[in-house]
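Student: Residue numbers (my numbering), protein chains in the order written: chain C, 1 to 442; chain P, 1001 to 1322.
Because the hints were derived from the structure by calculation, they are not lab data.
One or more of the hints may lead you astray.
Computed list of lysine-lysine pairs in DSS-like fashion (alpha-carbon distance at most 27 Å, straight line) [as the list claims (entries may be wrong)]:
id	chain 1	residue 1	chain 2	residue 2
1	C	438	P	1083
2	P	1223	C	439
3	C	240	P	1083
4	P	1083	C	239
Remember, it's a predicted structure, so these values are computed and weren't measured experimentally.
Take a look at the letters that make up each chain.
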Amino acid sequence: MIHNEMSRRRLLGLGVGLGAAATLTLAGCGGGDSSGPAAGGDGGKDYTGPKVDLKLWNGFTGGDGEIFKTLVNQFNSEHQNIAVSVATYQWEDYYNKLPSAASSGNGPDIAVMHMDQLATFAARGVISELDDVAKTLELTEADFAPTVWQGGLYNNKRYGIPLDMHPLGFYYNKSVMEKAGLDPNKPPTTRDDFTAALTELKKSGVQGFWISPFQFTGGMSFYSLIYQFGGSLFDAEVKKATFNADPAVEACTWMVDMIKQGHSPANVGQDAEYLALKSGKNAFTFNGIWQINDLKKSPDVQWGVAPLPQIGSKPAAWANSHNFTIVKQRANNANKVQASKVFINWLSQHSLDWAKGGQVPARKSVRESAEFKALAEVSALAPELDYAAFPPATPGLGEVITTFYNSFNEAALGKKSPKQALDDGVAKANRQLEDNRKKYGS
Amino acid sequence: MADVIEVGAARGDAPPPAASAARRGAKSANRVGRATPYLFLAPYLVLFTVFGLLPIVLGLYLSVHQWDFQLPNRPFVGLDNYKELFSSDSAVFGDWWQSVRATAIFTVVSVPLLVVVPLGLALLLNRSFPGRTFFRAVYFAPYVLGVAVIGLLWRFLLDANLGLVNRVLGAVGLPSDTPWVTDVPWAWISLVGVTVWWTSGFNAVIYLAGLQDIAPELYEAAKVDGASTWERFRHVTLPGLRPVLLFVMTTTVLASANVFGQSFLITQGAPGTETRTVVWYIVEQGLRNNDAGRAAAMSIVFALMLAVVSLANFRLFRYRED
Chain C
1 MIHNEMSRRR LLGLGVGLGA AATLTLAGCG GGDSSGPAAG GDGGKDYTGP
51 KVDLKLWNGF TGGDGEIFKT LVNQFNSEHQ NIAVSVATYQ WEDYYNKLPS
101 AASSGNGPDI AVMHMDQLAT FAARGVISEL DDVAKTLELT EADFAPTVWQ
151 GGLYNNKRYG IPLDMHPLGF YYNKSVMEKA GLDPNKPPTT RDDFTAALTE
201 LKKSGVQGFW ISPFQFTGGM SFYSLIYQFG GSLFDAEVKK ATFNADPAVE
251 ACTWMVDMIK QGHSPANVGQ DAEYLALKSG KNAFTFNGIW QINDLKKSPD
301 VQWGVAPLPQ IGSKPAAWAN SHNFTIVKQR ANNANKVQAS KVFINWLSQH
351 SLDWAKGGQV PARKSVRESA EFKALAEVSA LAPELDYAAF PPATPGLGEV
401 ITTFYNSFNE AALGKKSPKQ ALDDGVAKAN RQLEDNRKKY GS
Chain P
1001 MADVIEVGAA RGDAPPPAAS AARRGAKSAN RVGRATPYLF LAPYLVLFTV
1051 FGLLPIVLGL YLSVHQWDFQ LPNRPFVGLD NYKELFSSDS AVFGDWWQSV
1101 RATAIFTVVS VPLLVVVPLG LALLLNRSFP GRTFFRAVYF APYVLGVAVI
1151 GLLWRFLLDA NLGLVNRVLG AVGLPSDTPW VTDVPWAWIS LVGVTVWWTS
1201 GFNAVIYLAG LQDIAPELYE AAKVDGASTW ERFRHVTLPG LRPVLLFVMT
1251 TTVLASANVF GQSFLITQGA PGTETRTVVW YIVEQGLRNN DAGRAAAMSI
1301 VFALMLAVVS LANFRLFRYR ED
């Protein structure tokens, strides 16, 4: 899922021009690179060595970028001997650029990365292990949600310290619900409620649940439903694709039936389901948590957000997570590595402000704080953390997941039956998985 | 080898006679003279070597390896990257040929339109009428927009359920639910239509320059001989435009075959991967899946295909000249 998480943001980014990078040098660059004695390797508790400059890369091109920048400024003013500078790129460019930058010695010291990218970058030797950071900072699974914490592992070694998680949420338009005689403060939570509500909406002339055939957001909704119906995308070792098994076919059929039963128009375009929700033509949609801040900009839209309704036999929701990683350098500089760890730890503890950017903090203590609970919309999605369906940690999985989304696209556009589309997709995905095993030798 | 050193050493010991020195001087001037064209060519030659020749050689080298520059293990695989493009049980076979098919459809449909429509535009814009400069600018205007701008613009205009195009069609009593960007053949009509709208202005400007190069005397003579408008077009304009036509044809075929942005942004490959083009697929293999070897092999096969088309194109126009 190299795709930018935020389709709206992707639009803006493309409009501005691919590859245009905004480099924000935050800290006044003082002091040359350290050559003094290395500070004790205590895994990131504190840093007492000579002043170091750290480069950090991320892909936060939206409003979250500003919040991140503020946090970094605060860190810099609290740490006189560490100066962090931030460069922001489009995620897609960023992941293409990072390996070559790192191998030529022009890469960052710290890189923010999606969980599903960790394995690929670890296997390709771009990022370093962080087990000692976790150990010294006494970070354990108990401090995080197990799903997020496990996601930072590859081959039983830790490569990422989770910052947040961003799941799919259930957005509903309150005025449309009201018009159909539904209680706008009680969004449906079960399959029966959900279909009953759709029937009411249909009576009032609204197609209530638009099914997008694209990854954003129909594909991700389908992803969630597979897990809700008790299935999975791959087997436990990620050797075989399993998204043509019964639960997946059932989930896909349920979604395609939404179109057949007239709860969704056919041929929904990219972003159309979301735009229709905002303009009152659609009542329900599953979309990323990042849309909260976008919806807040439209005060005339009466909307709410809740965890995904349970359509299958158990709750589940697609999610991904931003992780901090430390980039391997050609010239090893112990001071920089140490300072990077201090930064990562500090930011992880201060992730409440980050929640205002529309992300659920990974750290339990922050999530349980009263301040976080006061962020009504974002914290409404926090319960999803327990059953979030994160992508597995296997290198080179990006193209296989693209194959998965393409087969859903064919089913949702009625080019093939759900079973046929998924069978074809799995056949291709299995060949890709085999290819990857040869390449990464796992 | 030993002989050469001896000669050199002998020459160093004894100063050469004057006559010989003079002859050598003349020789060196002559040498400089002969080097002149190469010196003038050198700047381009250097650029061509660095940005043209070297990448081609490197591409050939990459294409026989399994190449991920980040992995320590980059084994030589011989022709495997090529073979898998032609063996139906490989992971890329289906996607690769589907992308070739998509590119071929786009090229075959768009090139005739992009050759003919701009010619018509240029003929109109070549006449004198009030506001001519304005219209010349108007028709050229879309071309200055980036592909990202026109891609997003049309994606929203063509949206099946919310787009303006279907709204307008509905208002005049035509079907208002055409899936312009999510189903074939509509997606092809959209992609070709948008591309014609976007790039016609560029070809029109080239035609316009060509038209202005045709001597007015030829038209006068034709008129005196009683040639009709069509005959003047057929026997004066078209022959006069032949080199321009060849240029437009060749560049348009290459540009159409390299289509990427339009389908990436407007149809996003939908339905399934039916509108995913070759360049898009190569980028995906090379940059997203970090398989530069495979991407290089695809690029080379694709370049060979285009070379054949271009050759045929040159043949066609040379034949007419004879």
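Student: Look at each hint and say if it fits the structure.
Tutor: So, going through the hints one by one against the coordinates:
For the proposed pair residue 438 of chain C and residue 1083 of chain P, the alpha carbon gap of about 17 Å is at most 27 Å, so the pair holds. Restraint check: the Cα-Cα separation between residue 1223 of chain P and residue 439 of chain C comes to about 71 Å, which exceeds 27 Å; the hinted pair is violated. Taken as a hint, the residue 240 of chain C and residue 1083 of chain P pair is honoured in the structure, with Cα atoms around 25 Å apart against an allowance of 27 Å. For the hint pairing residue 1083 of chain P with residue 239 of chain C, the CA-to-CA distance comes to about 25 Å; that is within 27 Å, so the pair holds.
When the structure is compared with the earlier hints, a violation turns up for hint 2 alone.
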